[in-house]
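All chains should be built: construct the whole structure from the sequences, respecting the hints.
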Amino acid sequence: MLIAPDPNMQKNQILHRSAHAVDITLTTAGHTVRTIDLGRFSPVLTRLEMAAYVTDQPLIDEQTTEYAQAVLNCDALVVVYATTMSTLPPALKGWLDRVLVPGVSFTLDGSGGTKRGLAGLDWIIGIAVYTDTWLATKRTYDNGRRILLRNLRLCARPGTRTKWLPLYSATTADEDRTATFISRVERQMSKL
Amino acid sequence: MTALVVLAHPRPESFVFAVFESALRGLRQGGDTPEIADLYADEYRPGSALSATHRSALDRTSTLVLVYPTWWTSQPAILLGWLYAATTEGLGSVKSLVCVTTHGGPRKGNLVAGQSGRHTAARTVRAACAPGASFHWVAHYGTDKDRQDRRVAFLHRVERELALLAS
Chain G
67 MLIAPDPNMQ KNQILHRSAH AVDITLTTAG HTVRTIDLGR FSPVLTRLEM AAYVTDQPLI
127 DEQTTEYAQA VLNCDALVVV YATTMSTLPP ALKGWLDRVL VPGVSFTLDG SGGTKRGLAG
187 LDWIIGIAVY TDTWLATKRT YDNGRRILLR NLRLCARPGT RTKWLPLYSA TTADEDRTAT
247 FISRVERQMS KL
Chain X
507 MTALVVLAHP RPESFVFAVF ESALRGLRQG GDTPEIADLY ADEYRPGSAL SATHRSALDR
567 TSTLVLVYPT WWTSQPAILL GWLYAATTEG LGSVKSLVCV TTHGGPRKGN LVAGQSGRHT
627 AARTVRAACA PGASFHWVAH YGTDKDRQDR RVAFLHRVER ELALLAS
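So the sequence lines, in the order shown, correspond to chains G and X.
Each step along the first sequence adds one to the number in our numbering, with nothing skipped, and position 81 is 147.
Each step along the second sequence adds one to the number in our numbering, with nothing skipped, and position 155 is 661.
Treat the hints loosely; a few may be bogus.
Stated by the list, open to error - Only pairs whose alpha carbons sit at most 16 Å apart, straight line, appear in this in silico EDC-like list of lysine to aspartate or glutamate:
no., chain 1, residue 1, chain 2, residue 2
1, G, LYS257, G, ASP141
2, G, LYS229, G, ASP188
3, X, LYS651, G, ASP175
4, G, LYS181, X, ASP650
5, X, LYS614, X, ASP650
Since the hints were derived computationally from the structure, they do not count as laboratory data.
Written out as structure tokens, the structure is:
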């Protein structure tokens, strides 16, 4: 499963080349790739969804229900995004808010605790493009990475593997650096 | 200069809304006349620019108060979108940034998960404010398994801390 960047908010060639490389490499290896285009997704959790969040049926929208089913059925979640304000872009964060609700990413155990919900995930892979340098990114805590590799990882089974593929200082990346990065993405995808 | 209180929660009957009202009470007790940006009521959409009302309120404010529920250890998407637009356009008048937030899980669990929302506000959003701007974190943890008395105590705490900030 591939979550691709929103073309309206992130006119970023490196992101689109990365997403394309993921798609082609996985498809060529015989995997079925489901791509989610965040440009067609409203990131705002609605009043009705908030009311439904604490019920047995938290998914009340056809699109989010279908995405949730796709997440539960997939083996690998590959997220491609451009870091915005040191964290996930609003479109991607909204996707987490609206799709990964109770019953999908976690279940309530009846005593107020939670159980992991994403038991079928073998891989969580983040492909992140940064305008900042490595040092500046670390100074602002790289919050998108924290959400995906810590918070989301805690919703998957203990054996789920993670991989982070970052491209720092992307605005100054020339064709050589970009091509090297895309090759790295392809190599990682071919390992799945 | 007045405070601008930004609310990012869709339900007026929620605990976060009660927290929002406590924040307003506290600011008024401290002598402030806070302005409000209710992102859901004002139908803000992430990806769009700030409305003229929000922009002019931001230009007048020295204290920016964000009231929101923490989801996935971070701000809701509607608030992230608003903050992105606000930081892009400029937050130069803001000398004090305050986050008032609730967490479903316990404090320890949020520390393990990374506290992304806190870092985004304290580092990235504050960096767009006036030089030397202060940062205040007023957080409630464990809302999912909460007792009524703990919630009431947090509402009093919010009121007290915001009154102190405004005075």
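A quick look at each hint next to the structure:
no., hint, verdict
1, LYS257/G / ASP141/G, "holds (13 Å)"
2, LYS229/G / ASP188/G, "holds (11 Å)"
3, LYS651/X / ASP175/G, "holds (13 Å)"
4, LYS181/G / ASP650/X, "holds (14 Å)"
5, LYS614/X / ASP650/X, "holds (14 Å)"
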